[in-house]
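Chemist: Kindly generate the complete structure, drawing on both the sequences and the hints.
In order, the protein sequence lines correspond to chains A and B.
Sequence positions in the first sequence follow numbering that gives the first Met the number 0 and run 0 to 264.
Sequence positions in the second sequence follow numbering that gives the first Met the number 0 and run 0 to 329.
Simulated from the structure, these hints should not be mistaken for laboratory data.
In this text the structure is predicted, and so the values were computed from the model without any measurement.
Even glycine gets a Cβ: it sits at the ideal position worked out from N, Cα and C.
Errors might be hidden in some of the hints.
Where chain A lies over chain B, by a calculated footprint (3+ residues, C-beta under 8 Å) [claimed, not checked]:
#, segment
1, 62–74
2, 126–134
List time: in silico EDC-like cross-link candidates among lysine to aspartate or glutamate, alpha-carbon distance up to 16 Å [unchecked claim]:
#, chain 1, residue 1, chain 2, residue 2
3, B, LYS128, A, ASP24
4, B, LYS302, B, ASP253
5, B, LYS15, B, GLU4
6, B, LYS43, B, GLU4
7, A, LYS254, B, GLU72
8, B, LYS91, B, ASP81
9, B, LYS288, B, ASP265
10, B, LYS128, A, ASP58
11, A, LYS254, B, ASP25
12, A, LYS249, B, GLU72
13, B, LYS308, B, ASP253
14, B, LYS233, B, GLU33
15, B, LYS163, B, ASP152
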Amino acid sequence: MRDGLRIVREFFNIQREVFFSYRWDVVSYLIGLLIQVAVMGIFASLVTINANIEQYGTDSFLQFFLIGFIVHNIIFLPRGSLSKLLIGRSFPMLYASPAGMVAIFLGINAWNVVWSLMIMGLITGVFVLFYGLVIHINLDALLVILAGFTLTFALELFSAGFRAATKARQDPINWFLNLTSQLVSGLYFPPQVLPWWLQPISKIHPERYILEMARLTMGGGYSVSQIWPSFVNLAITTGVMLLIGVAMFKWGVRKAMQLGTLGHV
Amino acid sequence: MIEAENLTKYYPPPFKGFFDLGSLRDFFGKPREEIPALEGLNFKVGEGEIFGLLGPNGAGKTTLCKIANGLLEPSSGKLLIDGHDSFREHGKVANKMFTVFTGERDMWGIFQWRLSVHRNLKFIARLWKVPEGEIGERIEYALKLLNLWEKRDEWYQKLSAGMKQKVYIASALVVRPRYLILDEPTVFLDVITKSEIHDAIMALVRDFGTTVILTTHDLQEAEKLSDRLLLFNKRPILEGRPEEISRKLRAPVDKKVVALVEGKFDCNCDGLVKCTFKNGYTHLVAYLKVDEVDEFVRFLSLKGALQIKVEDLSLEDVFLLIFDNRLFGG
Chain A
0 MRDGLRIVRE
10 FFNIQREVFF
20 SYRWDVVSYL
30 IGLLIQVAVM
40 GIFASLVTIN
50 ANIEQYGTDS
60 FLQFFLIGFI
70 VHNIIFLPRG
80 SLSKLLIGRS
90 FPMLYASPAG
100 MVAIFLGINA
110 WNVVWSLMIM
120 GLITGVFVLF
130 YGLVIHINLD
140 ALLVILAGFT
150 LTFALELFSA
160 GFRAATKARQ
170 DPINWFLNLT
180 SQLVSGLYFP
190 PQVLPWWLQP
200 ISKIHPERYI
210 LEMARLTMGG
220 GYSVSQIWPS
230 FVNLAITTGV
240 MLLIGVAMFK
250 WGVRKAMQLG
260 TLGHV
Chain B
0 MIEAENLTKY
10 YPPPFKGFFD
20 LGSLRDFFGK
30 PREEIPALEG
40 LNFKVGEGEI
50 FGLLGPNGAG
60 KTTLCKIANG
70 LLEPSSGKLL
80 IDGHDSFREH
90 GKVANKMFTV
100 FTGERDMWGI
110 FQWRLSVHRN
120 LKFIARLWKV
130 PEGEIGERIE
140 YALKLLNLWE
150 KRDEWYQKLS
160 AGMKQKVYIA
170 SALVVRPRYL
180 ILDEPTVFLD
190 VITKSEIHDA
200 IMALVRDFGT
210 TVILTTHDLQ
220 EAEKLSDRLL
230 LFNKRPILEG
240 RPEEISRKLR
250 APVDKKVVAL
260 VEGKFDCNCD
270 GLVKCTFKNG
280 YTHLVAYLKV
290 DEVDEFVRFL
300 SLKGALQIKV
310 EDLSLEDVFL
320 LIFDNRLFGG
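Modeler: Next comes the structure, spelled out in structure tokens:
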């Protein structure tokens, strides 16, 4: 356990050092972020939409949009976390090292997760201070986000297994999720305004329900007990997907070990 | 001790695409045919020994390295490291091993391009759980041995290809593993860098008792470094000390005749002869028995050969005779 934590810390440190070695990139990123936050806030304040926003527990489009943006960015953090490690050029050496794979996985993603959460915290702070965003941070909201995060991780396990076995350079599962989450999950606008032929895709998209629950808990201050049917559905979906994801991951890695494609040495 | 017991690996045929039903069946079910990568490899490597695995491209050298590191499941047989199966018990042997993988992509994958050489080595040391108090001293020793000490604060990306490879070898010196696997460690390098890397490998064996498996197709390297050699091309061919192998293999032919003849020369003669026609000249290499040499030289003189050289066979010639199927007519 102590060894594992040391490895995670070492990865965290080295990734932080690499990140800040790109000094101009960091400066450009922060300037870009500042502009993005300003533009998003102004955009969300000005837009009015002909839909019943209140049903999502949010009393304005600004609240609807910004909560969706923050939650989307947090729950999608596991995307690519495992598949990039498996098909990355450093994998053979990492796998051959005595450091455990769990510690390597956590370590290699630690900096990215911490940095992303810091940025999300900063953005939330700016929205609260300058745009009047009201959010309820409570255990119920955290539960919803955690369930969404786990579901994305389950899909990432599935995707990593597929990519390990097939040597696919593309990531069709995450690509599909990403594209559809922007368009049909209700990230930027209520799904009810979608045309009828996109409604079925929207209804099977898990992020739609995660965002709905996140908006109800973070925006409207609902508790999980008030939205329990949706939460139970999400929990069951997450559990089932986790089982499928683990099975696919194991199959993919085993297949790659038989075919010799693991690590692409 | 490292021990290969009837180590065998077959791959399915190459995937021809999603619309090829046979390929899909090969992928998901039992393959229609199996392409051998390694067949029945047996060897034992003792403590502190340098064991050379010598084979041409595609002989199965990298396959063996993958199996040793738990990245590839053998079809049958096993590779035992201190009695533990390298694939199934990878966790038990990982802390005893260090592998220098071949190829640009993998060779430099672990290193962070925008960090210093020293920081990269420190990272490797921590990954291999080198005691914290020894890391600095080990890095200094490794970098000085490989003439990289002046470069310790330079970004890794600023180093030349040879220096990058030396850093890779330096990481083995920092880790000081019990078993070191080198997959063509000096491929594409100049003579000086090669020599420095050879010295570093010898230092590891001499000073720290490291056991080395060296896979290579560089004969001089294999001859220079290895205590014992295994010649193989998917299947084992010969095993022994380098000089024993040379001796055993020289039986069918003893001499090499190299000649340059003006015009196109008819190579349609018996024996192991290879002719290359270029810019109006034929470059001829013939492998002969001692008693055939004089007659062949006279024959070449009559044909107006511009240069004739008679040489003893080197291990490289032996290697060519074994592996270059063209010499044997396929």
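Chemist: Each hint needs a verdict: does it hold in this structure or not?
Modeler: Status of the hints after comparison with the structure:
1. Beta-carbon proximity to chain A at under 8 Å applies to 8 residues in the segment 62–74 of chain B; the threshold of 3 is reached and the given coverage holds.
2. A count of 3 residues in the segment 126–134 of chain B with a Cβ less than 8 Å from any Cβ of chain A is obtained; the coverage claim is therefore met, three being the minimum.
3. For the given pair, LYS128/B sits about 33 Å from ASP24/A by alpha-carbon distance, which is inconsistent with the 16 Å threshold.
4. Distance check on the hinted pair: LYS302/B and ASP253/B sit about 23 Å apart at the alpha-carbon level, beyond 16 Å; violated.
5. Taken as a hint, the LYS15/B and GLU4/B pair is broken in the structure, with Cα atoms around 33 Å apart against an allowance of 16 Å.
6. Straight-line distance between C-alpha atoms of LYS43/B and GLU4/B comes to about 9 Å, which keeps the hinted pair within the 16 Å bound.
7. A distance of roughly 9 Å separates the Cα atoms of LYS254/A and GLU72/B; the hinted pair therefore holds under the 16 Å criterion.
8. Pair hint LYS91/B plus ASP81/B holds up; C-alpha atoms about 10 Å apart against a cutoff of 16 Å.
9. Proposed proximity of LYS288/B and ASP265/B is contradicted: the alpha carbons are some 21 Å apart, above 16 Å.
10. Proximity of LYS128/B to ASP58/A is assessed by CA-CA distance (about 55 Å); at most 16 Å being required, the pair is judged violated.
11. For the hint linking LYS254/A to ASP25/B, the alpha-carbon distance of about 12 Å falls within 16 Å, and the restraint holds.
12. For a cut-off of 16 Å, the pair hint linking LYS249/A to GLU72/B stands: about 14 Å separates their Cα positions.
13. With a CA separation close to 14 Å, the supplied pair LYS308/B and ASP253/B stays within the 16 Å bound.
14. For the hint linking LYS233/B to GLU33/B, the alpha-carbon distance of about 13 Å falls within 16 Å, and the restraint holds.
15. Restraint check for LYS163/B and ASP152/B: the C-alpha separation of about 14 Å stays at or below 16 Å, so the hint holds.
Checked against the numbered hints given earlier, this structure breaks hints 3, 4, 5, 9, 10; the rest are met.
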